[in-house]
Amino acid sequence: MSRILEKLNNRYLPKKDYPNFKVGDTVKVYYRIKEGDRERIQPFEGVVIRIRGSGTDKTFTVRKESYGVGIERIFPYYSPNIEKIEITKIGKVRRAKLYFLRNLKGKVAQRKIKEIKKWEYEAMQKRKEEARKEKEKALQEATQDTETSANLND
Amino acid sequence: MGIGLIGKKAGMTRVFTADGIAIPVTVVEVPENYIVQIKTLEKDGYTALQIGAVEAKEKHLTKPLIGHFKKHGVKLLKYLREFKVENPQEFKEGQEIKPEDIFSSGDLVDVVGTSKGRGFAGTMKRWDFSGFPKSHGHRYHRAVGAIGNRSDPGRIWKGKKMPGHYGAEKIRVQSLLVVDILVEEKILLLKGSVPGPNGGLLVIEKSTIGYRKKQQLKQKKLKSLVENLLKVGEAS
Numbered sequence: 001m002s003r004i005l006e007k008l009n010n011r012y013l014p015k016k017d018y019p020n021f022k023v024g025d026t027v028k029v030y031y032r033i034k035e036g037d038r039e040r041i042q043p044f045e046g047v048v049i050r051i052r053g054s055g056t057d058k059t060f061t062v063r064k065e066s067y068g069v070g071i072e073r074i075f076p077y078y079s080p081n082i083e084k085i086e087i088t089k090i091g092k093v094r095r096a097k098l099y100f101l102r103n104l105k106g107k108v109a110q111r112k113i114k115e116i117k118k119w120e121y122e123a124m125q126k127r128k129e130e131a132r133k134e135k136e137k138a139l140q141e142a143t144q145d146t147e148t149s150a151n152l153n154d
Numbered sequence: 155m156g157i158g159l160i161g162k163k164a165g166m167t168r169v170f171t172a173d174g175i176a177i178p179v180t181v182v183e184v185p186e187n188y189i190v191q192i193k194t195l196e197k198d199g200y201t202a203l204q205i206g207a208v209e210a211k212e213k214h215l216t217k218p219l220i221g222h223f224k225k226h227g228v229k230l231l232k233y234l235r236e237f238k239v240e241n242p243q244e245f246k247e248g249q250e251i252k253p254e255d256i257f258s259s260g261d262l263v264d265v266v267g268t269s270k271g272r273g274f275a276g277t278m279k280r281w282d283f284s285g286f287p288k289s290h291g292h293r294y295h296r297a298v299g300a301i302g303n304r305s306d307p308g309r310i311w312k313g314k315k316m317p318g319h320y321g322a323e324k325i326r327v328q329s330l331l332v333v334d335i336l337v338e339e340k341i342l343l344l345k346g347s348v349p350g351p352n353g354g355l356l357v358i359e360k361s362t363i364g365y366r367k368k369q370q371l372k373q374k375k376l377k378s379l380v381e382n383l384l385k386v387g388e389a390s
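Chains as they are written, first to last, in our numbering: chain G, 1 to 154; chain P, 155 to 390.
Hints are computed from structural coordinates only; laboratory data are not their basis. Careful, some of the hints might be misleading.
[To be verified] Here are the simulated DSBU-like cross-link-like pairs (lysine-lysine), alpha carbons at most 30 Å apart as the crow flies:
#, chain 1, residue 1, chain 2, residue 2
1, P, K229, P, K252
2, G, K58, P, K232
3, G, K16, P, K385
4, G, K28, G, K118
5, P, K193, P, K246
6, P, K270, P, K197
7, G, K7, P, K375
8, P, K385, G, K84
9, G, K34, P, K372
10, P, K375, G, K15
11, G, K15, P, K345
12, P, K360, P, K345
13, P, K232, P, K270
Just so you know, these numbers come straight off a predicted model, no measurement behind them.
Could you build all of it, start to finish, from the sequences and the hints given here?
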């Protein structure tokens with residue numbers, strides 16, 4: 001995205017506190033629907049098969065199977081009509097776009113996505129975080145060492 | 155006809171209204187525009203404003219152009235365009251023209267630009283001919299087909315649509331809605347697409363067909379979009 005388009009983000013990008021979902025996760029999107037004067041919230045639950053775009057243009061596609069028929073819905077990520085998003089299942093996949101699910105049906109499709117339990121996922125995140133911190137620490141020490149040695153040389 | 159501005163296409167994106175309608179917008183960057191010369195009835199036989207934009211270095215301009223800028227006391231500028239106006243006495247040479255001075259959100263504007271060049275293009279791309287079947291034994295796919303009759307008229311009609319150079323020509327898109335003007339960022343948001351690549355030079359002016367009944371109905375219809383535009387924060 002160009003630098004000029006990025007300037008628009010301050011003005012038009014609404015703050016969204018969605019959980020951090022990714023491709024392969026099963027999410028429940030609560031979408032606001034207006035019928036005449038009435039407003040109601042319709043949940044749509046399915047697998048995220050694609051996240052694309054950046055800035056206000058970002059969208060994600062949710063796919064579900066209803067009575068044997070595949071249904072896909074594209075949501076603008078920053079749409080004001082999305083009330084909230086819940087992650088119902090965390091999935092592990094090896095692709096960024098899960099278009100191959102379109103050719104599969106029922107159980108076969110479900111089996112393609114490896115489910116990770118929430119506690120497993122949290123433990124994984126924790127481990128990652130710790131590893132990152134350690135790496136940073138090591139890096140800091142290394143830079144300090146070089147600085148002190150440089151001072152000695154002076 | 156009216157005063158216009160020189161701008162640059164930055165790209166396309168979308169913005170939302172508060173009730174969730176996504177508006178496709180073209181982001182137009184408007185650099186500082188200056189009035190270089192005022193053409194008057196007495197001197198030039200018609201009234202117009204010459205407007206320039208984007209500062210240039212001396213080595214990139216010809217001597218006559220540098221002289222022209224010095225004479226009117228304006229910075230050296232890269233691009234010059236002329237706009238016919240009826241009230242040139244209201245303007246001063248060297249005055250800066252800002253987008254918020256002449257447009258406001260909800261206005262209809264025309265955009266003139268140069269379309270993307272497509273080189274030597276066949277009739278399917280250039281004139282939307284439908285072509286011939288790709289399979290079922292055909293060996294004639296994207297070619298022109300017949301281009302005329304026999305001995306009567308014995309020639310090809312003038313203006314017959316044929317392959318040739320396509321694109322890289324001046325195109326005017328009429329009556330685009332100004333969705334928003336960002337004063338500090340010097341950005342115009344126009345609903346819909348404009349000709350040319352990102353970074354291409356554009357001229358934005360008041361719509362020439364905006365006074366028509368149909369256009370005014372359209373403007374009225376689109377008014378709610380501009381009013382309900384979802385804005386998050388002010389300029390950073």
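Evaluation of the provided hints:
1. P:K229 to P:K252: Roughly 16 Å separates the two Cα atoms, so the pair holds.
2. G:K58 to P:K232: Given that 30 Å is the threshold and the Cα spacing comes to 36 Å, the pair is violated.
3. G:K16 to P:K385: The hint holds at about 14 Å.
4. G:K28 to G:K118: holds (16 Å)
5. P:K193 to P:K246: The hint holds at about 11 Å.
6. P:K270 to P:K197: violated (38 Å)
7. G:K7 to P:K375: Satisfied, since the Cα-Cα distance of roughly 29 Å is no more than 30 Å.
8. P:K385 to G:K84: The given pair, whose Cα atoms are some 20 Å apart, holds under the 30 Å limit.
9. G:K34 to P:K372: holds (24 Å)
10. P:K375 to G:K15: holds (29 Å)
11. G:K15 to P:K345: Measuring from Cα to Cα gives roughly 24 Å; hence the hint holds.
12. P:K360 to P:K345: Satisfied, since the Cα-Cα distance of roughly 15 Å is no more than 30 Å.
13. P:K232 to P:K270: Satisfied, since the Cα-Cα distance of roughly 21 Å is no more than 30 Å.
Hint check: violations occur at hints 2, 6; the rest are consistent with the structure.
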